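Chemist: Here the structure of chain A is known, so what remains is to put chain B in place on it, guided by the hints.
Number of protein chains: 2
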Amino acid sequence: MSSATTHATGQQHVWSVAEHLEDILDTVRPLEPIELQLLDAQGCVLVEDITVPVSLPPFDNSSMDGYAVRAADVAGASEEFPAVLTVVGDVAAGRAGLLHVGPGQAARIMTGAPLPSGAEAVVPVEWTDGGLGEGPVSGMRAHSAAPEGATGEVRVHRPAEARAHVRAKGSDVKAGDRALEAGTVLGPPQIALLAAIGRGTVRVRPRPRVVVMSTGSELVQPGEELAEGEIYDSNSFALTAAARDAGAIAYRVGAVADDAETLRSTIEDQLIRADLIVTTGGVSVGAYDVVKEALTSVGDSEDETGIGAGSGVEFRKLAMQPGKPQGFGTIGPEHTPLLALPGNPVSSYVSFELFVRPAVRTLMGLPAADIHRPSARAVLKTGKAIGSPAGRRQFLRGTYDAEAGTVTPVGGSGSHLVAALAHADALIVVPEKTTSVEPGTEVDVVLLG
Amino acid sequence: MSSATTHATGQQHVWSVAEHLEDILDTVRPLEPIELQLLDAQGCVLVEDITVPVSLPPFDNSSMDGYAVRAADVAGASEEFPAVLTVVGDVAAGRAGLLHVGPGQAARIMTGAPLPSGAEAVVPVEWTDGGLGEGPVSGMRAHSAAPEGATGEVRVHRPAEARAHVRAKGSDVKAGDRALEAGTVLGPPQIALLAAIGRGTVRVRPRPRVVVMSTGSELVQPGEELAEGEIYDSNSFALTAAARDAGAIAYRVGAVADDAETLRSTIEDQLIRADLIVTTGGVSVGAYDVVKEALTSVGDSEDETGIGAGSGVEFRKLAMQPGKPQGFGTIGPEHTPLLALPGNPVSSYVSFELFVRPAVRTLMGLPAADIHRPSARAVLKTGKAIGSPAGRRQFLRGTYDAEAGTVTPVGGSGSHLVAALAHADALIVVPEKTTSVEPGTEVDVVLLG
Chain A
1 MSSATTHATG QQHVWSVAEH LEDILDTVRP LEPIELQLLD AQGCVLVEDI
51 TVPVSLPPFD NSSMDGYAVR AADVAGASEE FPAVLTVVGD VAAGRAGLLH
101 VGPGQAARIM TGAPLPSGAE AVVPVEWTDG GLGEGPVSGM RAHSAAPEGA
151 TGEVRVHRPA EARAHVRAKG SDVKAGDRAL EAGTVLGPPQ IALLAAIGRG
201 TVRVRPRPRV VVMSTGSELV QPGEELAEGE IYDSNSFALT AAARDAGAIA
251 YRVGAVADDA ETLRSTIEDQ LIRADLIVTT GGVSVGAYDV VKEALTSVGD
301 SEDETGIGAG SGVEFRKLAM QPGKPQGFGT IGPEHTPLLA LPGNPVSSYV
351 SFELFVRPAV RTLMGLPAAD IHRPSARAVL KTGKAIGSPA GRRQFLRGTY
401 DAEAGTVTPV GGSGSHLVAA LAHADALIVV PEKTTSVEPG TEVDVVLLG
Chain B
1 MSSATTHATG QQHVWSVAEH LEDILDTVRP LEPIELQLLD AQGCVLVEDI
51 TVPVSLPPFD NSSMDGYAVR AADVAGASEE FPAVLTVVGD VAAGRAGLLH
101 VGPGQAARIM TGAPLPSGAE AVVPVEWTDG GLGEGPVSGM RAHSAAPEGA
151 TGEVRVHRPA EARAHVRAKG SDVKAGDRAL EAGTVLGPPQ IALLAAIGRG
201 TVRVRPRPRV VVMSTGSELV QPGEELAEGE IYDSNSFALT AAARDAGAIA
251 YRVGAVADDA ETLRSTIEDQ LIRADLIVTT GGVSVGAYDV VKEALTSVGD
301 SEDETGIGAG SGVEFRKLAM QPGKPQGFGT IGPEHTPLLA LPGNPVSSYV
351 SFELFVRPAV RTLMGLPAAD IHRPSARAVL KTGKAIGSPA GRRQFLRGTY
401 DAEAGTVTPV GGSGSHLVAA LAHADALIVV PEKTTSVEPG TEVDVVLLG
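Sequence lines, in order, name chains A and B. Reading the first sequence from the start, the letters are residues 1 to 449 in the UniProt record's numbering. Reading the second sequence from the start, the letters are residues 1 to 449 in the UniProt record's numbering.
Only chain A is shown next, with the shape it has when bound in the complex:
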């Protein structure tokens, strides 16, 4: 683990937010690509350049419902002096074109149908009598109800130049063109293009599988009864939701009791389905901090197959509030990254946004610019100055008003204040050296969700 050599002082060194993040991003690597069905690849990052195999459209085709004609036959046509043509049949979309349009002839043609040989242009049905021998019509009768529309005569009321209402083969993309580049994130329009050029599957980095577990013998599943001294487990719910929100497939394991052996075996069990493991709680300086106890020795062992096969988890103090105690490292034979977050609800959520989300999005192969939450500058809107501890970067909860360019603190700095968190949409960043921020000061904000 790079950190172990860079920071030989280990426990004593207080890590900056940037150092801890850098260590995580230096360690986490994008997942190996796999071939996925198109709709399973939604939101994923393409790892191949996609070349167009066949031109789009693959053949000259009509952009209108109308009649395929020879330009000379309709030259000078008007409603008073229509061109009268013999209808030789229908060309529906998807029907192979055996029809030929000779001089004095027309084929009834539908949008997207191939232009028959001999024809040079399409006149929309609204420019004709639709074969009824009366005035202009507004559309065709359904073939199933009126098959005679595909025969007889049609009167054309307006001329059409060669190529009028014809979409040329290759006018969208040509065979050999680059359709999409490696690195593209596949949203609906990109999926449209891939399907249109015939790609049923595509090579992408898969969504990371993130296993979320909270630790603490005091934790009770919501909906059950609390005994004395117990509280509800909220972290495993919040972080599972946050992991999905970041793009992951998230598995909530729920609360694990404060017993190192139970925790180790739970983690070992979960490794099989994890590209990343997130724990909460048990990382501080207490006598029951089980995550620290269970994982501190990992990586020192000779274990080649269990969780000990990773490079180990290091527990650190960060110059940040909330979120001071953090663990990070890799475990198991696949060197699966593990982030051990503190247990207070606000601490764990803020830590997720700052450290886990970028890790998830790095696993997805997203470009560096897209792995973090967006940030902005905003004017602090509050009645009195807010204090912040020296030497620690503080993240306060706030509501951001994009139009006014302001941010208003919500609730206090306590890392247990989950109600305030639920009413915030931004984190207000107070730098390490700042101990007080006056109302009206411009501050950095991290924009959530």
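Hints in this document: simulated from the structure, not taken from any laboratory. Among the hints, a few may not be true.
[As the list claims (entries may be wrong)] Rough simulated footprint, nothing fancy, chain A against chain B, three-plus residues with beta-carbon under 8 Å: (1) 54 to 61; (2) 131 to 140; (3) 428 to 441.
Because the structure is a prediction, the values reported are computed rather than measured. In this text, a Cβ means the ideal position worked out from N, Cα and C, and glycines have one as well.
Modeler: Showing chain B alone in chain A's frame:
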């Protein structure tokens, strides 16, 4: 159907984009709420005001790992003259508090553990000798490795006022407080709060189930071979992805051949799992426009259980490009809304963004402000003026640069240009009365994805 009475002229009336949208939003109603497990409710809209049943925290508890003490016992303590206290045991988180801290006594206490009776404050472990009889320590040894830490003597090096490092019962939220209001969208922080107050399930509007089918005998599944005159089905893939993106659970039925009876029975089959049906293709004036053929008579019939039980589907011309032909109405015994979009890939995608997305988000119960894509004003960045047909609102594809405040057109106006669509992130709106837009003009843009 309100439209049938409002616009008795039916086929002849050319609908504005706003009129068509208004008809859709007047018809579509938010789905009936259901009780969902917390994590299944992510992204959904709450329909109940949530009141806090028990205060948070539910009891006074420690915010630090340290020692619970009586304030008088540590008054004046210093490293030179420490307060020496008898350790009466451990209070771990989740353990019910049978311990009592009397004069001259301390209990070792963990973050989140209930403050024992008699104790008034917590001194962090770093302010003590940790019971080792030496200098200040940086943490506790694990209880499993050193159970003696819960007994013996501890030297406290600094005083603590009453309530120091104690989180008061109810300091986050109090029983009876309003936790969240009806109408709140449940993201990770809101899920955190609901879990924290013990809610295992919550009453929300579910995600709408959207069935997507494309129509056209020319359509081939991507990955298979194209015969002459055939093209790949891209709409059913693109719109399934777009429906998910809007918040729906989307089912892709795929391409249905141009046969009215097949289409009717396919739609009838799918009704059981649909809160909304989207079709593409077959809505224009051609002789094989099967959606129009199959659904025009729906609603006129006496049918009480089949698709005819709805109020019917009306086919319209819209003053818009692309996307002129559109169908909308309700079908089946549940009066399930159906949007019949045109078949050109760009037309169907733009129609989805303008009409289906707001319908999906209305079904979800989102507030009016959140049902549409965000829009912005931007300066048109292009070499020459762009033309637009009079009387139709045009939506051109473009790339938006938020920092520069500009939008650059991508590709032409052809509704078959799916490659350009895949490289766009905005729609440039050219109003009905405008026939030419000069470079440098400020335009409205719809921001995609």
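Chemist: For each hint, tell me whether it holds in the structure or not.
Modeler: Checked hints:
1. 54 to 61: holds (count 5)
2. 131 to 140: Coverage by chain A holds here, the residue count being 3 at a Cβ distance below 8 Å.
3. 428 to 441: violated (count 0)
Consistency with the previously given hints fails for number 3 only.
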